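Starting from the known structure of chain A, fit chain B onto it as the hints suggest.
Protein chains: 2
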Amino acid sequence: MNDDPLVLFMPSGKRGHFPRGTPLLDAARKLGVYVESVCGGRATCGRCQIEVQEGHFAKHKISSSPDHISPPGAKETRYAEKRTLPPGRRLSCSATIEGDLVVDVPQDAVINAQVVRKDADTRVIERHPAVHLCYVEVEEPDMHKPLGDLDRLKAALQRDWSFGPIEVDAHLLPQVQPTLREGKWAVTAALFQDGDNDIARLAALWPGLKNEAYGLACDIGSTTIAMHLVSLLSGRVVASAGASNPQIRFGEDLMSRVSYVMMNPDGREAMTRAVRQEISKLVQKVAEDGGIARSDILDAVFVANPIMHHLFLGIDPTELGGAPFALAVSEAVLLKAEDLDLKLNPGTRTYLLPCIAGHVGADAAAVTLSEGPHRQDEMMLIVDVGTNAEIVLGNRNRVVAASSPTGPAFEGAEISSGQRAAPGAIERVRIDRETLAPRFRVIGSELWSDEAGFLDSLGQTGVTGICGSGIIEVIAEMYLSGIISEDGVVNGALADKSSRIVAEGRTFSYALCETEPRITITQNDVRGIQLAKAALYAGIKLLMEKQGVETVDMIRFAGAFGSFIDPQYAMVLGLIPDCDLSRVSAVGNAAGTGARMALLSRDHRREIEQTVRRIEKIETALEPRFQEHFVNAMALPNKVEPFPKLAELVQLPPRTMAGIPGEESNPSRPRRRSREERAARRRRV
Amino acid sequence: MNDDPLVLFMPSGKRGHFPRGTPLLDAARKLGVYVESVCGGRATCGRCQIEVQEGHFAKHKISSSPDHISPPGAKETRYAEKRTLPPGRRLSCSATIEGDLVVDVPQDAVINAQVVRKDADTRVIERHPAVHLCYVEVEEPDMHKPLGDLDRLKAALQRDWSFGPIEVDAHLLPQVQPTLREGKWAVTAALFQDGDNDIARLAALWPGLKNEAYGLACDIGSTTIAMHLVSLLSGRVVASAGASNPQIRFGEDLMSRVSYVMMNPDGREAMTRAVRQEISKLVQKVAEDGGIARSDILDAVFVANPIMHHLFLGIDPTELGGAPFALAVSEAVLLKAEDLDLKLNPGTRTYLLPCIAGHVGADAAAVTLSEGPHRQDEMMLIVDVGTNAEIVLGNRNRVVAASSPTGPAFEGAEISSGQRAAPGAIERVRIDRETLAPRFRVIGSELWSDEAGFLDSLGQTGVTGICGSGIIEVIAEMYLSGIISEDGVVNGALADKSSRIVAEGRTFSYALCETEPRITITQNDVRGIQLAKAALYAGIKLLMEKQGVETVDMIRFAGAFGSFIDPQYAMVLGLIPDCDLSRVSAVGNAAGTGARMALLSRDHRREIEQTVRRIEKIETALEPRFQEHFVNAMALPNKVEPFPKLAELVQLPPRTMAGIPGEESNPSRPRRRSREERAARRRRV
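Read top to bottom, the protein sequences are chains A and B. Sequential numbering from 1 applies to the first sequence in our numbering. Sequential numbering from 1 applies to the second sequence in our numbering.
No wet-lab data here; the hints were simulated from the structure. From a predicted model like this one, the values you see are computed outputs, not experimental measurements. One or more hints might be untrue.
Since the list gives no way to pick out one identical chain from another, each pair is judged satisfied if it fits inside one copy or across any two copies.
[As the list claims (entries may be wrong)] Simulated crosslink set (EDC-like; lysine to aspartate or glutamate; CA at most 16 angstroms straight-line):
#	residue 1	residue 2
1	K61	D3
2	K617	D142
3	K14	E126
4	K336	E167
Next comes chain A alone, as it looks inside the complex (with noise of 0.2 angstroms):
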């Protein structure tokens, strides 16, 4: 029985008995619950907040009451004063154990009333950043003990912070003495730690408390780049910001890139030239929304598909474009930011996270790690359509990772109206099943197309074309209606009850809006639907297969076509495996999410390098099974699928076990081979 107090502190749930009169911050640090201090229990930097929850819990045995803390001391009481302390709100390095506690951590310490801007991701990550600043006060050289300064610097640092230990940037050795004399031997060190050993690196130092430092966590996509500023000592995001890749003017593709660098002599140094001065660009911008000095920004973490990793990296990446798709580094990359030609503060480092297999990038690994399926025990698939769509499929015990080839028809490209996500695209559709007439909305508009005012709320745009999860729906919308048959023919014999279906040589098409442009769906455009959602089914049947499971737990849609497409459609096409509809969401840019918990925590680092060790990673060309699963999965939803659940919410037609006759319209084996090779073309370049 220990009579000393019992302390709680939550979120973590972590707890220990500790002496009356120990400082809160001292019991946190001791059972490794992460509290922030940067002035090192002087109550002078206000980072160390506090809240007492009062009452009792008896699930934990405790009363906890604002009593069982020592009362404000002097310093307290003057920082509260000079920089508000939000009510209950308590200085953990000067509190103290008085009795039982209840400790709750916020994890939004506002101070010195910042004003933080509300992102749409709420997460609350927990911290542990890689750059810790450390406020120091440092001995006065004396003629007996000859240290130099910076040795007393880093002897302070050693003292006040317990660290190892210390290596020094090369650049701050000019920088030593002049700070330490206009800080009047008071000064805050900025420590880099992460990586393989314990070594602190002393990365930046500042005359007197330094109390904010920021981080940028960054996506690098094909199409768009994606970047937000963190505080690194609040976790909260300060400020986001997006660009195109100015790589597209190269290719509009990841292939098409990698082609321009076989091609042109010099086309690998002009791609890293033309993202790394977006990136500069973007960091510019995040810096004036934030109001911070570029200077400020003290850490950065970025993620991206292979191809994108290598050219950001200045490394050639042809050897991605063919089998067998050798990355020229797998593992995570820690580098100084200058070593990237980006201009943050000298000392600043960079971290990319592992990539788990040449067509499966340190951007699914991102995701990997904000979905977290390696944390839980259900079993979790994550689908990220792209080009290449990423598909992670595992729990606690195994995790398995495939890319397979979708091509772009799901971005809207190759569909003969598609177009891009943007204003003027329909985006949802029905057709009635028994006039076959549609009705739809655009992009831009709140109004379904034969609700009053329609035409008038699209302004000037008018209709333009069909994006992608329009696309998913429109060919939803035709199968559940019998306007195609379950292996995708558009039913010729319907052209007598509807004028919406038109004959296009030896096929027939579907209209979906007649007026000007002209919006149709002809028989290739399925086709491609088909193709596409084949390759992706094909790909997560064989994860299945992997993990010896029939059916998934959970399915999580990452990036923007998974915000966009209505689940159950994306069933109903046979895109993703039966599931409970409750149970499939979209994640938004997940990637963009799992570089902000890399970046706020050197923990998450270890967990996904460790995770991306243990990833099983197929590659979906070399798996004897890959075509049958890809021959069945033509079928809508699939030839051999049950999809039970799917079958509880929606009239399915009824299936035909019989081949379909005509031979365009028969998914046979030459029609299916030449598609495959096309996809391997596609990677070979």
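For chain B alone, kept in the frame of chain A given last:
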């Protein structure tokens, strides 16, 4: 009793029992005997050569024979044929232990008949360099195990060379894939391992087998920069070069350079640039002389006094110009060469030895490492005479160090006819005890001035002045022949006896050379040497007091000055304490030797770092007894020290115990105080 054969490695003396069939290289590794190997036991690099000693070694109870080693196998025979193995040499990676052996590890393995220049300093330095060349064969990429090329390279290095975690230099990321392919998956990696942690850093990479790597050892003096190019694999000096320190144009001595920085806004930058550029030229020169590429230079060690050290690092040395003489950094500094604007291999590191105190720099640390007072039991005094004299005194129990402001008199400055040691300078002097006539020798001639052909032997130069060693000798001879008293007064009464004694105002001079240019030793010259030697001796005496010793066992003179002065005359003057003359020696450029030791062995780096942390630094200006020792040391050889060993060799004039009359000639309090003030002013600038 161990039945396994006993193997003794020389010169290390390490020994152990090993099962028959053990490769000798493995045995050496297990015992911690450093044997170089690049190819990792493939018998292709030839770096692991050893020799078996034949005979019965009674002391070790070993009968060693070439029969106790396996005969050359196919690989070794192929190497011997293709690359020539000197007679008696074997490759220790291939030769296995078959009986008791005494094995010699040669320190000079000459590979591929490479011609190495013989260096004056033939000291053999134990090798354990910070940079290792490691040949590996890397697995080819495999779609089923999508590890990056770099990651497979790291795995191969860890597997074959037992490395732990490996960090990778940023510049190598784009090179890994093409280098692996160029080398057909066989590459040689340079791994750098040093400092506080065991992390290895991949610093350079070549296709195939790379069998040579070089390092620089450089001593940056105020006047001269000296550089050696050293093979990191054989330890041999391949080329050497020297140049004037171009900072001389900003100020002749150290304090005038500090003044220049204080007076000129870009003074620090200009001097940093000047010294780095000169070093870069020297690199070019030694690389050309050695017939190697700059990119083959993979490590570099620099030593310098504190002000040169700071300026080289780009640190403002102003703080070193005044009390408390605060070093910006005192511990050893490890940087990338490119941080110092040195164009070597992009992965090359530089190491600067630690500084001992504000006036006792990394050069003094290098001298200490070279001479090793801390490695032995006897009390060793090391004196490095320059504008400041650095003094180190100690043994394995305790080492103390100080700097004495001797001023430039010993270098010929502030002496009426003084000059640097150069052709034309008088360097040796003898005075006839009866006639008071001198004879002397001049740099550039082997003849004494009273020998036939002397003038002709001087050529056009003639006699131009007197250098430091000449001044020491002439003043010692003046004392021994009674021209000056023990208090340094030129005896004017002798003017009657010899025309060499000449009145100049109220004092007298000694005419050493009566032809033009007339070279005379004035009373002021004598006084200047007295002041300098008194400062030096007082510093030595303080250190002896700290150590609690009355005598020292051995004396080492470091630096160019020490190489030219005759220890006996130095003792007559009382520059150094009484000591058995056979134990007094000049050690030449010991700072350069120390730099080479640190270059060739990281064990030596740790050794000097630990030693410098232990060295007690005495600030002479703060010691109350300095004054008293200084006054006593103004006398020749000393007012209170007996110098018994010297007296056995030299007929010293009888001592007078009374003070000497005459105001100017008496080193009285005001005079002495003014001297110390000047010394203090010099330090404060």
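field: Identical-chain pair category, K617 with D142, by Cα at 16 angstroms
entry: Only across copies: K617 and D142 sit 11 angstroms apart there, 60 angstroms inside one copy, limit 16 angstroms.
task: Up to 16 angstroms between alpha-carbons, please classify K336 paired with E167: within, between, both or neither.
output: both (14 angstroms within a copy, 13 angstroms between copies)
- prompt: Within a copy, between copies, both or neither: where do K61 and D3 come within 16 angstroms Cα-Cα?
  reply: within (14 angstroms within a copy, 67 angstroms between copies)
Homo-oligomer pair classification [E126, K14; C-alpha up to 16 angstroms]: within (13 angstroms within a copy, 53 angstroms between copies)
Every hint from the earlier list agrees with this structure, and none is contradicted.
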